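**Q** With the sequences and hints as input, model every part of the structure.
These protein sequence lines are chains C and P, in that order. Heads up: the first sequence at position 268 corresponds to 268 in our numbering, and the numbers run straight through without jumps. Take any residue in the second sequence, count from 1 to its spot, add 1000: that is its number in our numbering.
For the record, the hints were derived by calculation from the structure and aren't laboratory data. Keep in mind it's a predicted model, so treat the numbers as computed, not measured. Don't take every hint at face value.
Here are some chain C residues pointing at chain P (derived, C-beta under 8 Å) [stated by the list, open to error]:
| # | residue |
| --- | --- |
| 1 | T11 |
| 2 | D12 |
| 3 | R15 |
| 4 | Q154 |
| 5 | G155 |
| 6 | R158 |
| 7 | G164 |
| 8 | I165 |
| 9 | S166 |
From the derived model, a few chain P residues whose C-beta atoms are all more than 12 Å from chain C [to be verified]:
| # | residue |
| --- | --- |
| 10 | P1062 |
| 11 | P1149 |
| 12 | R1150 |
| 13 | A1152 |
Per label pair, the in silico range of CB-to-CB distance [unchecked claim]:
| # | chain 1 | residue 1 | chain 2 | residue 2 | range |
| --- | --- | --- | --- | --- | --- |
| 14 | P | D1145 | C | I25 | 42 to 50 Å |
| 15 | P | V1144 | C | V217 | 48 to 56 Å |
| 16 | P | R1155 | C | L353 | 55 to 63 Å |
| 17 | P | V1144 | C | L184 | 28 to 36 Å |
Note that the Cβ used here is the ideal one computed from N, Cα and C, for glycine as well.
What follows is each chain in one-letter form.
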Amino acid sequence: MIRHIVRKEFTDLLRDGRFRWTAAIVGALLLVSLGSGWVETRRADAAHSAARETAREHWESQGEKNPHSAAHYGIYAFKPRLPLSFLDQGVDPYTGTSVWLEAHRQNDFLMRPAQDATSGQRLGALTAAQVLQHLVPLLVILLAFGAFASEREQGTLRQLLATGISRRDLAVGKALGVAGALALLLIPAAILGAIAITIGSPGPAATPFARGAVLTVTYLAYFGVFLAIALAVSAWARSARTALVALLGVWVLNGLVAPRVAVDLSKWLHPTPSAVEFARTMEREMEGGVEGIERPDREATASRLVAEHGVETVDDLPLNVVGVYLQESEEYANQIFDRNYSALWNRFESQGLVHEALSFAAPLLAVRTLSMGLAGTDVEQHRHFATAAEEYRRDLMRRMNGDLAENSRTGETYLADADTWAETPPFLYDAPTVGWVLRNRTLSLAMLGLWLVAAFLAAAASVRRAEVA
Amino acid sequence: MQSATGPASERAREAARFPSAAPDAAPVLEARALVKRYGDLEAVSNLDLAVRPGEIYCLLGPNGAGKTTTIHTFLGFLEPDGGSVRVAGFDVTRNVLQARRRLAYVPEQVMLYRNLTGLENLEYFAALGGWETLTTTRLTEILVDAGLPRGAVGRRVSTYSKGMRQKVGIAIAVAKEAEALLLDEPTSGLDPKASREFSELIEKLRRRGVGILMATHDLFRAKESGTRIGIMRSGTLVNEMTTEEIGHADLERIYLDHMHEVEAAK
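**A** Right under this line is the structure:
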């Protein structure tokens, strides 16, 4: 019985010129966004690869140099793009994807496309995620708003129900018919996406298919929510026009109003300092000191080392006091960095939680969070990378200062050779697993699940009570 | 009851006219003490009505008399506030799907899917009615038998006239092999030829033993086609007679007399 309804709905939609045109436009936008995202990701990957090799080459060809000078010379670390990042750029254009690692400083990230983009470019940027999050739900609405309302208006609902078909079968058939029409659009896009992941992912093989599978289920659930809402409203509304207007209202609230409210509310509840304020605070603490954090003193370090080694003067020490002092200075600075950056990251995390919590009012907020997370472009994975890069920087500084301390005496001019640079391990980064992402996003997962259940219950109740005429 | 040629020949004529009428058979459509209210308005009051296999029961009455409400109650679109309605023995309130599977419904305007052809519409409704095994050839025959031109069978319904859509409506009833047929002013707006063709179609169904309840304003068609006629007024069945009982009497006069009683009462 249901298959006949599915086939009829499918045929009816395919013969409807409005559907063909709308689907063609959405499909074209989806393909263009997939293509441009893939090309952009490939371009950025190539640029990162070349820059990574050049940076390493420069590091290794420094020649003879004091290790601390080498530490100041620094090296770049590049955030590898996960294969799915071409679908959803997330916060990457705003946070940047590379960082310069040098002595005494935890630098800001560089390569922020949003910073360099003109206002026109910012408005015109269209990602596959935006198409999936905004335009596909609009298409679902356009496909399903008349499912019951138009049938009622045209009088066919009475004739349908008079055949003896149950309302439940009718609703399931209609939902599957719309889903089938939608699949015509989404399956080719999904196949192209899978091919793009397979052939175009020079980044680490961080379980792209596991992430892709979860991302697919997430978006299917999201479309399911809209389909169920559309059926519920269509069964409830007195006319197709009323159903369409109500559903467009839902679409605007979900896609335009809720994200704006979430941004403003999260900033109001958990304000973050501007970049200038943040830098000034750290500079002030670095120079003025912070209660509870002991500031290193070169004389004190020297005295302590002399005492520890049981020698008369620093000249008798088997190490270079400057190397030890520089490392202590690094560790002092690290405590200031940790204190400020932890507070900043925690605020970002709290803002993210506000977004996730508000997804009870708009499923887009949950889907957006999950989409960025699975694409590897959310704040948490930026933090994960930034933490790894900072650990590498600290290890690098320890090596350089250790080399200076261990291989020279105080007051001696020491130059490390090329082997020192070559022995320094390159920065390697392992992106988090899909399990890590999902553990961080349980609230969004729960919200999306709740939306799905609530929308289907609403659809079932609305269809059960739908007026026949 | 009057007879021009004697009771025997009258019975013979009736037997020829209603070969499958079965007066003792169980009703396929039955309302007992049916009450339906819309707020304070009692649209149907204590209605007792039974339609047996091979009968065409024409329900006459002005707008608002309760004819469509009665039909919608048989369809299970409206729930009775009192009494009961049964289709082929199934209580509509308790077994609405079973009841609907045994009846067909042709409203004043048969609404079909404009993007589908007449044949596709019939295939769809027949499949939903549970008759999935009918072949395309058989369904085409049903449409042609219902009076749809063969050339129109494969055309989209958006090109059909009202008369053609009504014929598809009848074809749906035929394909469904319904035991009961509910017609809600099916000839309204049809030209005399199309109206005549429609009457012939329902006569064919009656001969097959289908019990038919037709709400109509068309007194001429009711007298021509009906085997029994009921007159409803303000939700009440005020008169019920067989075609034999009407005989040569003027149905229009009987009908108007009942309506004048209403006016007088007001």
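**Q** All the hints need checking, so say for each whether the structure fits it.
**A** We went through each hint and held it up to the structure:
At its closest, the beta carbon of T11(C) sits 7 Å from a beta carbon of chain P; the interface hint therefore holds under the 8 Å criterion. The beta carbon of D12(C) comes within 5 Å of a beta carbon in chain P, closer than 8 Å, and the hint placing it at the interface holds. The interface hint given for R15(C) is met, as the beta carbon of that residue sits about 4 Å from the closest beta carbon of chain P, less than 8 Å. At its closest, the beta carbon of Q154(C) sits 5 Å from a beta carbon of chain P; the interface hint therefore holds under the 8 Å criterion.
At a threshold of 8 Å, the smallest CB-CB gap from G155(C) to chain P is about 4 Å, leaving the interface hint in force. Given hint, R158(C) at the interface with chain P, holds; its Cβ is 7 Å from that chain's nearest Cβ, closer than 8 Å. This hint holds: G164(C) has a C-beta 3 Å from the nearest C-beta of chain P, less than the 8 Å allowed. Taken as an interface hint, I165(C) checks out: its beta carbon lies about 5 Å from the nearest beta carbon of chain P, inside 8 Å.
Taken as an interface hint, S166(C) checks out: its beta carbon lies about 6 Å from the nearest beta carbon of chain P, inside 8 Å. Non-interface status of P1062(P) relative to chain C is upheld: no Cβ of that chain comes within 12 Å, the nearest being about 20 Å off. Every beta carbon of chain C lies more than 12 Å from that of P1149(P), the smallest distance being close to 22 Å; the non-interface claim holds. With a minimum CB-CB distance of about 22 Å to chain C, R1150(P) clears the 12 Å threshold, and the non-interface call stands.
No Cβ of chain C approaches the Cβ of A1152(P) within 12 Å, the least distance being about 18 Å, so the stated non-interface status holds. At roughly 45 Å, the beta carbons of D1145(P) and I25(C) sit within the given window of 42 to 50 Å. Separation of V1144(P) from V217(C) is about 50 Å and conforms to the stated range, judged on CB atoms against 48 to 56 Å. At about 60 Å, the CB distance of R1155(P) to L353(C) agrees with the hint of 55 to 63 Å.
A beta carbon spacing of about 35 Å between V1144(P) and L184(C) agrees with the range 28 to 36 Å that was offered as a hint.
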